[in-house]
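Under UniProt numbering, the letters of the sequence shown match residues 1 to 97, in that order.
Simulated from the structure, these hints should not be mistaken for lab results. Since the structure is predicted, the reported quantities are computational estimates derived from the model, not experimental observations. Do not rely on the hints blindly, as some may be mistaken.
Once the Cα atoms are required to be at most 27 Å apart in a straight line, the calculated BS3-like pairs of lysine-lysine come out as [stated by the list, open to error]:
# : residue 1 : residue 2
1 : K74       : K55
2 : K55       : K28
3 : K28       : K53
4 : K64       : K74
5 : K82       : K55
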Amino acid sequence: MTEFSNYLNRKASLEAQINEERFLCRNKVLSEILTAIEEFRFVPDEVFPRTEKRKVRPRYFDPKTGAIWSGRGKEPHWIRGKDRRMFELESDSLQMK
1 MTEFSNYLNR
11 KASLEAQINE
21 ERFLCRNKVL
31 SEILTAIEEF
41 RFVPDEVFPR
51 TEKRKVRPRY
61 FDPKTGAIWS
71 GRGKEPHWIR
81 GKDRRMFELE
91 SDSLQMK
């Protein structure tokens with residue numbers, strides 16, 4: 001059990017050293033990043049690319065028109081005031097890319 005305690009103490013000591021070194025290097029790394037951004041004329045979208053929004057899988061289908069609806073946002077006219085269960089899609093019946 002004492003060997004395990006020794007490992008935990010060493011781990012805590014190493015983590016403290018890592019955090020201290022990270023703090024000491026932080027300003028230098030930030031300066032290098034800012035220099036590279038300025039030198040190569042990066043724009044924010046290149047440095048921080050936007051992620052694509054996930055497409056929401058449709059939950060409802062109008063058999064007359066082929067229209068689909070995810071169940072989010074304003075109700076389409078073809079489902080308004082009707083029982084939604086009549087228009088529900090099975091989870092595997094329509095695949096979104």
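Hint check results:
no. : hint         : verdict
1   : K74 with K55 : holds (17 Å)
2   : K55 with K28 : violated (40 Å)
3   : K28 with K53 : violated (34 Å)
4   : K64 with K74 : holds (20 Å)
5   : K82 with K55 : holds (25 Å)
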